[in-house]
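Residue numbers (the numbering used here), protein chains in the order written: chain A, 61 to 235; chain B, 149 to 222.
Since the hints were made in silico from the structure, they are not lab data. Warning: the hint list may mix true and false statements.
Pairs of lysine-lysine residues, derived as DSSO-like cross-links and limited to a Cα-Cα distance of at most 27 angstroms, are as follows [to be verified]:
id, chain 1, residue 1, chain 2, residue 2
1, A, Lys93, B, Lys188
2, A, Lys191, A, Lys81
3, A, Lys172, B, Lys206
4, A, Lys93, B, Lys167
5, A, Lys164, B, Lys188
6, A, Lys93, A, Lys138
7, B, Lys188, B, Lys167
8, A, Lys167, B, Lys167
9, A, Lys227, B, Lys167
10, A, Lys81, B, Lys167
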Amino acid sequence: MPDLAPVEEPTSTEPEPEREKMVLIAASGDLDKAWPVLILATTGAAYGMDVTVFFTFWGLAILKRPDAGISGDDWRQKLLSVFNRGTPENLGLSKLNFAGLGPKMMKDLADKHRVASVQELLELAQQMGVKLWPCQMTMDLMGLSRDDLIDGLADPAGAGAAIAEMKQASISLFV
Amino acid sequence: MADTVVDARGLQCPMPIIKLSQAIMAASPGQTVELISTDKGSCTDVPAWAADMGHPLKEQFEVDGEFHFIIERA
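Chain A with its partners taken away, still in its complex shape (with noise of 0.2 angstroms):
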């Protein structure tokens, strides 16, 4: 028999005050979609929300590792991940993506405007206490394993979830 930890009672009996929620979906691996998902469930952590952002199909690009390499088992798989390599640093403009020199443009005005990257913002999101959550899903269907994504997130969860999650935010949106 495993020693038990006692459990706390909670010192006040005054209920925490229920925090307003808000969800979004993160469809998109778009920089021009992942930008304001980030921009969006950093601004509703500072208005005291409860923020969940669900990752799903190539809004999972975001939340990829830098040395994920080549993932999944089927070869189809595979060379999805070497043509979808991903991480916030990876991502394309869905209009005039001009094979990354797009991106690479829209990047370096950001930084001559001082507007934060994605990844500054996802960072930030996490610190916030943002939920960030994968889609198992769609991870199984790209051959995404939990390995393949950035540490720090909420367990991969599905379509159940994500609408129970819904059902009681005042804020939910498909980006």
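Mind docking chain B on chain A? Use the hints.
Below, chain B alone, put in the same frame as chain A:
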């Protein structure tokens, strides 16, 4: 003079609001935080945030293209 000054000059949306919210959370009720921003969007963002959060916006003024906001921690 505010109890804390947050210098967000040069930073763009959403950073002024993020830095302001962090400073307000760190302050005690009744203390004031002064935000200095050069982001024009702050002029609408900060009053909206303060009103929603219930922190009184005591003063708002512009000096040489810099926007100053004095907010009291509720």
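>> Name the hints, by number, that the structure is in violation of.
In response: Hints 3, 9 contradicted; others consistent.
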